[in-house]
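All chains should be built: construct the whole structure from the sequences, respecting the hints.
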Amino acid sequence: MADLLTFTPNGIYCEAGDFYIDPWRPVARALITHGHADHARPDMGAYMATTSAAPVMRHRLGDIRLDTVNYGDVTSINGVNVSYHPAGHVPGSAQIRVEHKGQVWVASGDYKTVDDGLSEPFEPVPCHAFITESTFGLPVFNWTPQDVLADQINAWWAENAANGVYSLLSCYALGKAQRLLRAVNPDIGTILTHGAIEATNQIMRGQGIALPDTTLVTPELDLKAHKGALVLATPSALNSTWARRFKPASSAFASGWMALRGVRRRRAADRGFIMSDHADWNGLNNAIKQTGAERIFVTHGYTSVFSRWLSEQGYDAQIVQTEFDGEADEDGQ
Amino acid sequence: MKDFAALFTALDQTTKTSFKVAAMASYFRTASDQDKLWCIALFSGRRPRRVIMTTLLREWAAERAGLPLWLFEECYPIVGDLAETINLFLPPSTGDEERPLTYWINELKRLSSLDDDGRKTGILNAWKILPQTQRFLFIKLLTGGFRIGVSQKLMTRALAKATKQDEAVLTHKLMGNWTPETTTWADLIEADDPTADLSRPYPFYLAYGVEDVNQLGPTTDWFIDRKWDGIRGQLILRGGEHHLWSRGEDLITDRFPELAQLRDYLPDGTVIDGEILAFQDEKPLSFNTLQKRIGRKTVPKKLLTQAPVILMAYDLLELDGKDIRDQTLEIRRNLLEKLLKSAPTSAPIRLSSEVTGSSWDDFARERAKSRDLNAEGLMLKRRDSRYLSGRKKGDWWKWKIDPLTVDAVMIYAQAGSGRRANLFTDFTFAVKNGNDLVPFTKAYSGLTDDEFRQITTWVKRNTLQRFGPVRSVPAEHVFEIAFEGIQASPRHKSGIALRFPRMLRWRHDKPADEINTLDDLKDMLRTYG
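Residue numbers (UniProt numbering), protein chains in the order written: chain A, 1 to 333; chain B, 1 to 529.
Derived from the structure by calculation, the hints contain no laboratory data. One thing to keep in mind: the hints can contain errors.
The calculated lysine to any residue pairs, modelled on SDA-like cross-linking and capped at a C-alpha distance of 25 Å, are [claimed, not checked]:
{"#": "1", "chain 1": "B", "residue 1": "K432", "chain 2": "B", "residue 2": "T517"}
{"#": "2", "chain 1": "B", "residue 1": "K460", "chain 2": "A", "residue 2": "Q152"}
{"#": "3", "chain 1": "B", "residue 1": "K460", "chain 2": "A", "residue 2": "E123"}
{"#": "4", "chain 1": "B", "residue 1": "K2", "chain 2": "A", "residue 2": "K247"}
{"#": "5", "chain 1": "B", "residue 1": "K400", "chain 2": "B", "residue 2": "K460"}
{"#": "6", "chain 1": "B", "residue 1": "K2", "chain 2": "A", "residue 2": "V148"}
{"#": "7", "chain 1": "B", "residue 1": "K128", "chain 2": "A", "residue 2": "V148"}
{"#": "8", "chain 1": "B", "residue 1": "K2", "chain 2": "A", "residue 2": "D147"}
{"#": "9", "chain 1": "A", "residue 1": "K289", "chain 2": "B", "residue 2": "L67"}
{"#": "10", "chain 1": "B", "residue 1": "K128", "chain 2": "A", "residue 2": "P145"}
{"#": "11", "chain 1": "B", "residue 1": "K2", "chain 2": "A", "residue 2": "M1"}
{"#": "12", "chain 1": "A", "residue 1": "K224", "chain 2": "B", "residue 2": "K16"}
{"#": "13", "chain 1": "A", "residue 1": "K247", "chain 2": "B", "residue 2": "Q13"}
{"#": "14", "chain 1": "B", "residue 1": "K16", "chain 2": "A", "residue 2": "H226"}
{"#": "15", "chain 1": "B", "residue 1": "K460", "chain 2": "A", "residue 2": "Q321"}
{"#": "16", "chain 1": "A", "residue 1": "K227", "chain 2": "B", "residue 2": "E337"}
{"#": "17", "chain 1": "B", "residue 1": "K16", "chain 2": "A", "residue 2": "Q152"}
{"#": "18", "chain 1": "B", "residue 1": "K16", "chain 2": "A", "residue 2": "R25"}
{"#": "19", "chain 1": "B", "residue 1": "K16", "chain 2": "A", "residue 2": "F324"}
{"#": "20", "chain 1": "A", "residue 1": "K289", "chain 2": "B", "residue 2": "P91"}
{"#": "21", "chain 1": "B", "residue 1": "K16", "chain 2": "A", "residue 2": "W242"}
{"#": "22", "chain 1": "A", "residue 1": "K227", "chain 2": "B", "residue 2": "Q13"}
{"#": "23", "chain 1": "B", "residue 1": "K128", "chain 2": "A", "residue 2": "A155"}
{"#": "24", "chain 1": "A", "residue 1": "K227", "chain 2": "B", "residue 2": "A10"}
{"#": "25", "chain 1": "B", "residue 1": "K16", "chain 2": "A", "residue 2": "S236"}
{"#": "26", "chain 1": "B", "residue 1": "K460", "chain 2": "A", "residue 2": "H226"}
The structure is reproduced here in structure tokens:
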């Protein structure tokens with residue numbers, strides 16, 4: 001029997017249903033796992049995503065033709081049953097389950113298995129074939145528990161605040177920033193935000209996600225009144241003139257790559273908080289095990305190492321070249 | 001080791017030197033004398049001897065983690081540090097052990113006396129009971145190399161703060177080949193007499209490269225001599241013995257046995273700063289000749305005649321047992337000259353003679369002769385300068401000749417380690433030979449962080465083949481490779497080896513088929529080899 005999903009130059013394709021999942025070239029019908037730029041690209045004829053992913057996608061992609069579905073709802077596309085299931089990556093992110101003639105495939109996009117206190121928590125979806133990322137598919141990646149992370153970040157901010165020092169924290173605008181907002185203790189002080197982050201905050205507040213109060217940094221803002229504030233910035237803003245107005249400051253990155261001292265030191269930040277929206281080594285292995293799948297397709301990340309490991313564990317694992325980026329360790333997204 | 005781990009964490013969590021100094025000073029005020037001494041030793045490169053082969057450590061780590069060894073080997077180049085890889089590869093620690101730093105260093109010594117089984121039991125136990133950060137530091141001690149982003153200079157500054165002593169005095173006290181096993185905190189740090197150890201050298205004064213000599217004022221302010229192309233060395237004659245130190249604070253006395261006869265010609269209580277050169281017929285031989293002597297702990301007779309060495313003396317730091325570094329260079333040079341007059345020409349020492357001229361143009365012409373004289377350029381020293389310690393701007397400058405260069409194409413890339421882990425920074429370059437490309441050198445410095453990031457992205461997208469951590473890439477990117485010297489090398493496919501190769505710039509303007517050829521390199525070998 002032919003494979004239900006195939007890997008084409010345009011992206012992951014379902015021939016039976018004539019649709020693509022997270023395609024990287026323009027196609028007629030695109031099913032989107034989540035709103036990050038390497039998964040939700042412009043110029044598709046029609047889009048389909050979860051209801052909670054829709055506002056960010058509209059914000060980022062403009063006036064698009066977008067059908068929305070709720071988690072768990074089954075839609076038939078040309079006789080192929082399609083449903084979206086929480087991936088735990090960012091709010092609205094989904095694994096896409098595709099079923100046809102008794103075959104079940106799951107394209108998981110980006111995912112993490114721990115509850116981040118923001119995104120709909122990951123749900124394992126039983127399937128025959130599972131498409132997994134491998135951004136952190138090495139055993140040296142073991143994430144710090146969310147509550148310990150929150151304590152670390154709050155302690156850093158509180159100490160800086162007590163000394164009148166800004167806490168300059170770099171994170172992705174979509175997902176990581178809001179996860180941080182929900183993890184920090186807003187009683188410590190003011191939270192200032194970069195424009196790209198504040199735009200996403202507003203969208204999420206608009207869809208009913210509770211976030212602490214934040215203040216957008218504008219040229220008019222009286223910075224002196226906010227000494228000791230927590231400043232959320234995108235990775236690119238942290239190294240720009242934008243960040244230089246905050247003096248004195250302690251700088252930090254929140255990323256899975258901060259697990260490696262070398263990367264942390266290269267970023268020349270004071271602190272690195274090991275916080276990722278991708279699964280760590282145990283997360284990936286558990287997620288795969290829970291699907292019960294025999295065939296595993298390994299995409300973006302440490303593909304060759306991780307697929308060899310899976311093969312040795314008895315899976316039928318293979319590497320698939322995609323144009324997804326995972327968690328970029330240098331330039332953000 | 002809890003307080004030492006806390007110190008490490010504090011140092012690791014800031015990029016600001018003032019915080020680092022404060023954290024270390026606080027440690028030096030509170031830790032036990034023995035721990036402090038070890039801390040100083042580790043931060044000044046005096047690590048305990050490596051007792052266990054790293055291949056065994058890797059195997060034990062994989063075994064303990066219940067994961068295959070190949071997976072460990074895949075992780076290592078990505079993490080970029082062996083100790084860190086082991087620590088992250090092991091299951092997260094739940095230990096709460098609190099014994100001091102010195103205990104763990106002694107434990108290492110104890111383990112070294114056991115057989116492999118005993119060592120393994122000891123190591124696995126330590127991995128189990130040490131908390132995460134302490135475990136990392138313990139593994140660091142095991143694997144050697146204790147570079148954690150703190151220079152000896154910064155450490156000395158903190159020590160000065162904590163002990164209320166002068167930084168230069170402390171720098172001097174910390175020189176030499178002491179270890180925490182041969183001295184005590186009281187003897188090394190608190191005792192007043194820095195010459196208690198007769199072999200102890202003075203900290204070397206190092207010069208920066210000069211950018212524009214015309215900014216230096218009148219040439220008459222400057223004493224100028226050749227920048228000799230050998231090894232910087234400090235000769236110490238005290239108590240009837242002689243000691244030779246390299247700039248890297250290695251005691252290299254035994255490597256240059258011919259210098260022993262200087263004891264007969266120079267008075268006791270003399271310390272000379274100079275350059276060790278291979279030297280024959282009153283001329284320096286090339287660095288390539290000297291290189292045969294470097295790294296050899298014992299010297300066969302034949303080599304002594306093939307590559308005889310002298311000390312090219314350029315400064316006098318101690319005379320009649322008195323530290324004269326506070327005198328001006330002019331005075332020190334006069335004393336040096338007088339001192340050397342008493343030595344016969346058969347003695348393996350020469351005075352580095354002054355290069356004269358009346359304008360910077362004159363000196364530029366002198367500098368241009370450097371390569372023919374086997375020199376690297378000129379040294380410019382202010383006549384009224386004191387002998388300072390470490391690299392300082394202002395009074396001493398080196399005015400080096402331009403390096404040799406070739407244009408070459410990159411054919412392999414490898415990720416760096418430490419701060420450069422996960423970034424492709426180590427490249428292999430090739431020149432043309434007919435229609436073939438011949439690899440001839442590796443280089444890993446000279447580009448900006450931005451350029452390394454650009455090339456990393458490109459390498460990831462254009463990998464042709466992987467050989468472990470090395471990736472072959474299309475021969476597209478041309479770099480100008482600079483180097484200080486060239487020599488024949490039968491071990492290399494190209495037949496040549498370069499000295500200090502580095503990337504001078506990325507030649508975006510140059511297509512790969514216009515790079516230099518192997519014949520060009522062979523021409524250079526004939527001229528400069």
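Agreement of B:K460 and A:E123 with the hint, judged by alpha carbon distance not exceeding 25 Å: violated (32 Å)
Satisfaction of hint between A:Q152 and B:K460, Cα-Cα up to 25 Å: Judged against 25 Å, a Cα distance of about 34 Å means the pair is violated.
25 Å limit on alpha-carbon distance, applied to hinted pair A:K224 and B:K16: Status holds; Cα separation ~23 Å.
Satisfaction of hint between A:H226 and B:K16, Cα-Cα up to 25 Å: OK: B:K16 and A:H226 at ~23 Å, within 25 Å.
B:K128 paired with A:P145 [C-alpha distance capped at 25 Å]: Holds: B:K128 and A:P145 sit about 21 Å apart, inside 25 Å.
Restraint status (C-alpha distance of A:K289 to B:P91 at most 25 Å): holds (20 Å)
Pair hint outcome, B:K2 versus A:K247 [Cα-Cα no greater than 25 Å]: violated (33 Å)
Hint consistency between B:K16 and A:R25 [alpha-carbon to alpha-carbon, up to 25 Å]: violated (46 Å)
Given hint A:Q321 paired with B:K460 - CA-CA distance at most 25 Å: Between B:K460 and A:Q321 the Cα gap is close to 12 Å, so the pair holds against 25 Å.
Hinted pair B:K2 and A:V148, Cα distance within 25 Å: It holds: about 20 Å lies between the C-alpha atoms, which stays within 25 Å.
B:K432 paired with B:T517 [C-alpha distance capped at 25 Å]: Holds, because 4 Å separates the two Cα atoms, which is no more than 25 Å.
Restraint status (C-alpha distance of B:K2 to A:M1 at most 25 Å): violated (61 Å)
Hint check: violations occur at hints 2, 3, 4, 5, 11, 16, 18, 19, 23, 26; the rest are consistent with the structure.
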